[in-house]
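Enquirer: Chain residues, written in single-letter form:
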Amino acid sequence: MVAVLLIGGLAQDSAFRHRLARRWQPGLRCLTALIALTFAVAVQAQSVPATDNIMVVMSESTDAYQQVAERMRVRFELNAPERAQFTLLTAQAVSAKGAEVFSSSQLVVTVGVQAAQLVHGYDLRAPVLHTLIPKASYEKMLQAKPATSTQSISALYIDQPVSRQLELIRCVLPQALHVGALLGSDGVVLQKSLDLAAKPLGQQMETESVRSPEELPQALRRVLARSDALLALPDAQVYNQSTLPNILLNAYRNKEPVFGFSAGQVKAGALAAVFSTPEQIGNQAGELLLQAGANGKWVLPAPQSPRYFNVAVNRDVSRSLGLTVEEDIVLQEKLKRSARSE
Amino acid sequence: MATPGITIKIVRKRHVANKYNLLIYITILSYFLDVQTAWAEHEPTVAYVSEKDFFADMPTVLSASRLPQPQQDAPGAVTVIDHDTIAASGFTTVPDLLRLVPGMYVGYFKGHSPLAALHGLSGEFSSRMQVLVDGRSVYNSLIGSVEWNDIPLLLEDIERIEVVRGPNSAVFGANAFMGVINIVTHDPVKLNTSTARLNLGQDGQRLLSGQYVGHTSAWSYRLSAGYRADDGFDNINDGQQQKIINLRADYHPSGRDEWEFSAGYNDSRRDRGDVTSLYDQPHPENIHSSYVQAYWQRILAADREFSVRLYHNAYDLEGRVTTLPIPQLGNQTFNIGGTLDLQRTDLEGQFIFTPAQDWRTVVGVGVRRDSARSPIYLGRAEREVNDKARLFAHGEWHANSRLNVNLGAMLEDTAYTGRELSPRIALNYRLTPDHALRAGLSRASRTPTIYEEKGDYHFNLGPALIQQNKATGGLMSEHITSTELGYVGNFSQQGLTLDLRLYRDELKHLVAAQSIPFPAAVGGFTITAINRDQATIRGYESNLRYRPDSFTDITAAYANTRISSSDSDLERTMPVNTFSLLGSRKFGDQWQGSLGYYQISKVDPLSDGDLVPLQRRLDARMAYRFGAIQSIVKGGHAALVLQNLLGDYQDFNRNNLVKTRAYLSLDMEW
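So the sequences go chain by chain: A and B. The first sequence: position 265 = 265 (our numbering), numbered continuously. The second sequence: position 558 = 558 (our numbering), numbered continuously.
No lab work stands behind these hints, which were simulated from the structure alone. There's no promise every hint is true.
[Said to hold, decoys possible] Think about it this way: if two alpha-carbon atoms lie no more than 25 Å apart in a straight line, the pair counts; the simulated SDA-like pairs of lysine to any residue are:
no. : chain 1 : residue 1 : chain 2 : residue 2
1   : A       : LYS97     : A       : LYS135
2   : A       : LYS336    : B       : LYS190
3   : A       : LYS255    : B       : GLN493
4   : A       : LYS255    : B       : ARG383
5   : A       : LYS267    : B       : HIS252
6   : B       : LYS470    : B       : TYR540
7   : A       : LYS255    : B       : SER401
8   : B       : LYS190    : A       : ARG164
9   : A       : LYS267    : B       : PHE306
10  : B       : LYS659    : B       : TRP148
11  : A       : LYS135    : A       : ASP195
12  : A       : LYS255    : B       : LYS659
13  : A       : LYS255    : B       : TRP148
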């Protein structure tokens, strides 16, 4: 028990987790594939499926959530067709029916923050995998209401590791050594991980906190004065539909490129972003489930960041800033390579 | 809107408003509601970042149609003098900075009267360029020239100067005949510190200026004021003093709207006249100039934007002199001189849109009223009005990743010359993303100025009529047809940008001063303006900027310009060779040194100009950056500037001797 706690504690330490992942991931992947294969063969040979019920709760029934759920199911069933039965419900439907809907579920997967919060509130005995959830929100949710010792909870984040975002900045603008960031109320927590990730890349973070909307213009001005590139971090308090135009325009006036965290931001006028699509999250969620259910019961791995991602560059912006930026796909490959070598 | 509840609330508000038929009112107001509630809505959910932030569809802010063109795609050659270059040069006036532009002749008619003329063709008054300060046209509406030292503008307020070499009426409107000088002042939004500067130097050089910067959540403003003075050339009565105050306030209520308000006032006094002259005895000339400007820009949609600019410039000059006793007139003395009152009001609306993919288009309409009242220069007490209207359109077609086509035209309708079309086409072909070739053809016209068309400069000395000028009117516009080939290259690995241009300009109907008989006047002759001359200007220009590392910055410009004209005087108005080289280097965090070398071959400007030989000039600047002093001052610079280290040279005419001089500069930030 002590050992488990110790390992659990170590696993919380992200540096350790990376080391662990580096050492084990390829092996794990092979193992997963092998197990899946054996299992598939076994299923075919014996055709005695141990069918479990997986309940998927989506924040909403809009496209993005459907795509995650659907892709996850397809990916899972590709390797383990009879292993589990997926049931899709919206958070709204779940809250109408209450916790009983989970009575026969061996595993629960949530898609989106709203669904995660709802399910987290139920104290389910079944393991719960939260997908499409920002890391900050997941951590905050557990902080507000830690999981009980018998609960098994994990997550597949929607956001990219900060190191990947900084790596993109390095690939696009090697000369940008000062990277600016606006931090919302959770800034203090982020600050450390930003500094940690920036150091090995030879970058220096220049941050400003924005505790209220009134502080934004001043903070933005200060951060733009000190930085060569601005990194947008997911925080609705800082980056939302009404603030983004001002941020982009001001940064542009300073001839400073903005690196976003979503495709929408790139369309709006950020120079580039690394992000995962719902399909990519769904795909990884499917693989994660295959791995988790490989041994007949559901053992969730530690929370993970997206493994599949895209890079998008706004060519109008790069052209206008006079920057020569490599093709999206080339940048993507570069990031993948450095993600693998981590 | 990320939270549906709020969206509904806003929709409902709008709905209610429509019901009460307050459509216009609410269209304006609802936008502000949007902005305010957008923040409010996030408050309850602040605790949790939502995945929706990752998939939210954002309004396009920086679309192709709004972004300025990179130089590789621009229809003409542009030289940019940025803030770093301004500081490194040690120059204290805009015309001096223009020495860094290939093909620009810069001279000083008097210490207080500099002139800058792209490709020459000029005397004391250079009247064939458009000069804009934050979009506001500042050339003199009476004679078309730029009174550099009367513009309410402090060098410390300038962020950059863009010089478009070649005609560009299609985008910059009237007077963009030989080129455009576009001065952009610091955007207060970007400024963080208030500053003050003190310059003290030889020849009475004094400058004291301050800039106060303030911000609120939606407003950013800059208030700057300065006093500038110098004694001018030795042995010439051409000292000057200038007091300037400027206010610029930018209002950004949202990402969708941008407002810019500015106003400025300049009070200058300069010494004119000469003790040896009978009529032009030493006397002061007092000038007041002011402006107010408002600019509003609204983003209508992803690729549509609308802007309106309205400004008013006012300028008045007063110069009065008492003559010496005139023997031929019974040793009487006379009071001569008078006033000049100029006004310009300009309103322009511009619409940017994307009619089809890979296109971006600007269309606009503008009206302008230039007026002048000057009993002495125009011979009557009434105000002379010159109204102009213009329609312009410019399209950029990004045909593919290599080919970019620029098409544009301006249709101008003026009171003096009727309608004229100034079209332009340019093709840019990218050999690689960093290297582009350009071929361009443009035509522009310059309508006669009020003075050229209506001038009547005379005064009476008792019974004697002195008729300096008498316009006969009916002038045509001057025309230029310019053909050019260009190359713009960016060697990003080496930190080098290079711009080459080969051109041929055909100019027709150039307005020239012609003597005509005028029996009533003393001497029986006067001067009038006629469309007499033609000229062909051929040349090549190169401009490079080399920044191999973050310590070194080198800019160089060379131009070879040859004028052939029906009037041989015009041929000598431009130095055949102009060369400038400015290099600066930082030594550690504290020290920066720079050297500037400027050379122009012999030149003979029109009117009061003389043939002056080759000019060589070497300037040096050494600056020390200091850090915070107590907690009062954030930091600043102390600099020593040495100008013209190679010894005296003649400028514009034989009497103007530029000597070696030095000044010390101290600036501080808060």
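Enquirer: Now look at each hint and say whether the structure bears it out.
Expert: Results for each hint:
1. Between LYS97 (chain A) and LYS135 (chain A) the CA atoms are separated by roughly 28 Å; this puts the pair beyond 25 Å, and the hint is violated.
2. Restraint check: the Cα-Cα separation between LYS336 (chain A) and LYS190 (chain B) comes to about 36 Å, which exceeds 25 Å; the hinted pair is violated.
3. Pair hint LYS255 (chain A) plus GLN493 (chain B) holds up; C-alpha atoms about 19 Å apart against a cutoff of 25 Å.
4. Restraint check for LYS255 (chain A) and ARG383 (chain B): the C-alpha separation of about 45 Å exceeds 25 Å, so the hint is violated.
5. Simply put, LYS267 (chain A) and HIS252 (chain B) have alpha-carbon atoms about 22 Å apart, close enough for the 25 Å limit, and the pair holds.
6. Taking the CA atoms of LYS470 (chain B) and TYR540 (chain B), the gap is near 38 Å; set against the 25 Å cutoff, the hint is violated.
7. For the hint linking LYS255 (chain A) to SER401 (chain B), the alpha-carbon distance of about 22 Å falls within 25 Å, and the restraint holds.
8. A threshold of 25 Å between alpha carbons decides the hint, and for LYS190 (chain B) with ARG164 (chain A) the separation of about 29 Å lies outside it, so the pair is violated.
9. Among the hinted pairs, LYS267 (chain A) with PHE306 (chain B) is consistent with the structure: their alpha-carbon atoms are about 20 Å apart, no more than 25 Å.
10. Restraint check for LYS659 (chain B) and TRP148 (chain B): satisfied, since their Cα atoms lie roughly 21 Å apart, inside the 25 Å limit.
11. Pair hint LYS135 (chain A) plus ASP195 (chain A) holds up; C-alpha atoms about 17 Å apart against a cutoff of 25 Å.
12. Between LYS255 (chain A) and LYS659 (chain B) the alpha-carbon distance is near 40 Å, which puts this suggested pair outside the 25 Å criterion.
13. As the CA atoms of LYS255 (chain A) and TRP148 (chain B) are separated by approximately 29 Å, the hinted pair breaks the 25 Å bound.
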